[in-house]
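Model the full structure from these sequences, guided by the hints.
Residue 378 in this note's numbering is what sits at position 333 of the sequence shown, and the numbering runs on without skipping anything.
Wrong hints could be hidden among the right ones.
Claimed, not checked - Cut-off 20 Å, straight-line C-alpha distance, at most; resulting in silico cross-link-like pairs (PhoX-like, lysine-lysine): (1) 112 x 199; (2) 300 x 342; (3) 265 x 216; (4) 92 x 185; (5) 263 x 348; (6) 196 x 185; (7) 360 x 185; (8) 419 x 355; (9) 419 x 263; (10) 419 x 438; (11) 263 x 112.
No lab work stands behind these hints: they were computed from the structure.
Please read all numbers here as calculations on a predicted model, not as lab measurements.
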Amino acid sequence: MQLSSRSFFCFVVLSLLPVFCDAQSIRAGIFTVDASPALGTPVAYAKTRSVTDSLSVRGIVILSDQKPVVLCAVDWIGIANEGLDVWKEQLANAAGTTVDRVSVHSLHQHDAPRCDFTVERILTQYGMGGTRFENAFYLKVLQQAALAVEKAVKNAQPVTHIGFGEAKVEKVASNRRILGKDGKVAIVRYSSATDSAAIAAPEGVIDPWLKCVSFWNKEKPVAVLTFYATHPQSYYGTGDVSCDFVGIGRNAFEKAIGVHSTHFNGAGGNIAAGKYNNGSPEMRPVLAARMEAGMKKAWAATKKIPVSAKDMTWKSIPVSLPLAHDLVIDELKASMEDEKLTPNEKYDVAIRLAWAERTVQGKNVTVSALRMGKTWLLNLPGETFVEYQLAAKAMRPGDQVCTAAYEEYGPRYIGTKIAYAQGGYEVTQSFVSPDVEEVLMNAIRAVLK
Numbered sequence: 046m047q048l049s050s051r052s053f054f055c056f057v058v059l060s061l062l063p064v065f066c067d068a069q070s071i072r073a074g075i076f077t078v079d080a081s082p083a084l085g086t087p088v089a090y091a092k093t094r095s096v097t098d099s100l101s102v103r104g105i106v107i108l109s110d111q112k113p114v115v116l117c118a119v120d121w122i123g124i125a126n127e128g129l130d131v132w133k134e135q136l137a138n139a140a141g142t143t144v145d146r147v148s149v150h151s152l153h154q155h156d157a158p159r160c161d162f163t164v165e166r167i168l169t170q171y172g173m174g175g176t177r178f179e180n181a182f183y184l185k186v187l188q189q190a191a192l193a194v195e196k197a198v199k200n201a202q203p204v205t206h207i208g209f210g211e212a213k214v215e216k217v218a219s220n221r222r223i224l225g226k227d228g229k230v231a232i233v234r235y236s237s238a239t240d241s242a243a244i245a246a247p248e249g250v251i252d253p254w255l256k257c258v259s260f261w262n263k264e265k266p267v268a269v270l271t272f273y274a275t276h277p278q279s280y281y282g283t284g285d286v287s288c289d290f291v292g293i294g295r296n297a298f299e300k301a302i303g304v305h306s307t308h309f310n311g312a313g314g315n316i317a318a319g320k321y322n323n324g325s326p327e328m329r330p331v332l333a334a335r336m337e338a339g340m341k342k343a344w345a346a347t348k349k350i351p352v353s354a355k356d357m358t359w360k361s362i363p364v365s366l367p368l369a370h371d372l373v374i375d376e377l378k379a380s381m382e383d384e385k386l387t388p389n390e391k392y393d394v395a396i397r398l399a400w401a402e403r404t405v406q407g408k409n410v411t412v413s414a415l416r417m418g419k420t421w422l423l424n425l426p427g428e429t430f431v432e433y434q435l436a437a438k439a440m441r442p443g444d445q446v447c448t449a450a451y452e453e454y455g456p457r458y459i460g461t462k463i464a465y466a467q468g469g470y471e472v473t474q475s476f477v478s479p480d481v482e483e484v485l486m487n488a489i490r491a492v493l494k
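Following this line, the structure appears as structure tokens:
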């Protein structure tokens with residue numbers, strides 16, 4: 046059969062139409078794997094004696110006409126230095142993308158593992174290997190996560206709409222730093238408090254809004270991401286592993302709505318539940334219920350808009366964080382040789398030495414942002430103060446900016462410039478200098494353009 050020139054033209058256009066449509070389409074794949082340690086495995090402050098609430102690796106792979114993007118959250122206290130390098134490399138390979146398009150965060154639960162191959166290498170060098178870390182366990186979880194990412198790519202579903210909703214979380218977050226009349230930190234309100242002055246003090250500067258971003262295939266929800274800024278501890282230090290109140294709340298929310306849910310800890314370096322938490326075991330389910338309630342309200346407030354690849358951009362930039370002035374490599378190495386120091390004190394030195402060496406070697410952190418329409422997903426390193434999250438929101442008036450911090454745990458706390466002059470616990474545990482504010486703010490502006 047012969048086709049007329051007009052018929053042939055129509056045949057070609059119609060046959061190519063799906064290709065043109067696919068070029069603008071978005072697909073999303075979801076993944077979850079268990080990240081709970083075996084009994085006896087070192088966790089943050091003890092060895093695992095039980096798994097009260099299981100831990101997980103969760104996330105989403107976003108596919109389009111661009112390279113894939115991987116967003117991942119892990120129920121561990123932190124993933125740092127060479128540990129984060131390996132995680133991002135393996136997940137990038139699994140998704141068929143580049144390392145700069147992979148963002149791996151921790152939720153920072155304290156009865157949970159931490160992964161840092163650099164610190165473990167230093168501890169091994171000084172005869173302390175295997176006392177704080179279990180590298181074989183981390184690599185096993187990572188291998189399972191990579192396989193899950195590969196499966197997520199293969200099983201990705203179309204995304205036609207993106208949803209956004211937000212709601213206030215009641216009686217969870219409070220600022221940890223209570224200032225005195227002299228403008229200095231007078232009280233550090235940790236994750237729990239029994240001191241009447243700490244409890245009576247105002248919430249202080251927080252971001253009370255929990256944000257909910259959802260991916261939809263027409264009327265069917267594919268995945269949900271939630272964001273909220275606070276330290277997630279109710280109580281800890283026993284070796285009874287738990288995803289704590291943020292993870293318990295997330296799990297209950299996921300079960301209630303029947304949609305895969307990944308939660309990210311916002312810029313909560315100076316935020317915790319101390320005003321509303323006395324540290325008793327009974328408060329954990331109470332705080333979890335408050336988190337779940339906030340998630341449900343944000344989900345109920347969701348509004349959807351159509352989305353395609355033309356509405357999507359990814360920006361990622363390497364950032365060199367200025368090193369804290371008191372981190373001098375030769376002095377830190379001398380301290381590791383000091384026989385008077387306890388194992389805990391040497392561990393404290395080792396984590397500083399790891400970050401100092403990485404910084405001097407020119408290793409950078411990553412600041413990135415995914416834009417989908419007017420919704421932005423901002424990724425930040427360390428235990429970043431909430432002021433950075435609030436500043437990021439102000440940079441995009443009329444848009445929705447959702448912040449996930451704790452991507453690179455190596456620098457620990459990242460305060461504002463004035464915070465370093467105010468004193469307090471966080472600045473003594475910060476491995477960056479006060480100049481960090483200008484550097485990080487410039488990076489945030491760059492990726493939110």
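Against the structure, the hints come out as follows:
Distance hint between residue 112 and residue 199 is fulfilled; the C-alpha atoms sit about 15 Å from each other, no more than 20 Å. Taken as a hint, the residue 300 and residue 342 pair is honoured in the structure, with Cα atoms around 15 Å apart against an allowance of 20 Å. Taking the CA atoms of residue 265 and residue 216, the gap is about 32 Å. The hint is violated against a cut of 20 Å. As the CA atoms of residue 92 and residue 185 are separated by approximately 18 Å, the hinted pair is consistent with the 20 Å bound.
A C-alpha spacing of about 13 Å is found between residue 263 and residue 348, which places the hinted pair at or below 20 Å, so the restraint holds. Distance check on the hinted pair: residue 196 and residue 185 sit about 17 Å apart at the alpha-carbon level, within 20 Å; holds. For the suggested pair residue 360 and residue 185, the alpha carbons sit about 30 Å apart, so the restraint of at most 20 Å is broken. For the hint pairing residue 419 with residue 355, the CA-to-CA distance comes to about 12 Å; that is within 20 Å, so the pair holds.
The straight-line distance between the Cα atoms of residue 419 and residue 263 is roughly 19 Å, inside the 20 Å bound, and the hint therefore holds. Straight-line distance between C-alpha atoms of residue 419 and residue 438 comes to about 12 Å, which keeps the hinted pair within the 20 Å bound. Between the alpha carbons of residue 263 and residue 112 the distance comes to roughly 23 Å, so the proposed pair goes past 20 Å and is violated.
The earlier numbered hints that this structure contradicts are 3, 7, 11.
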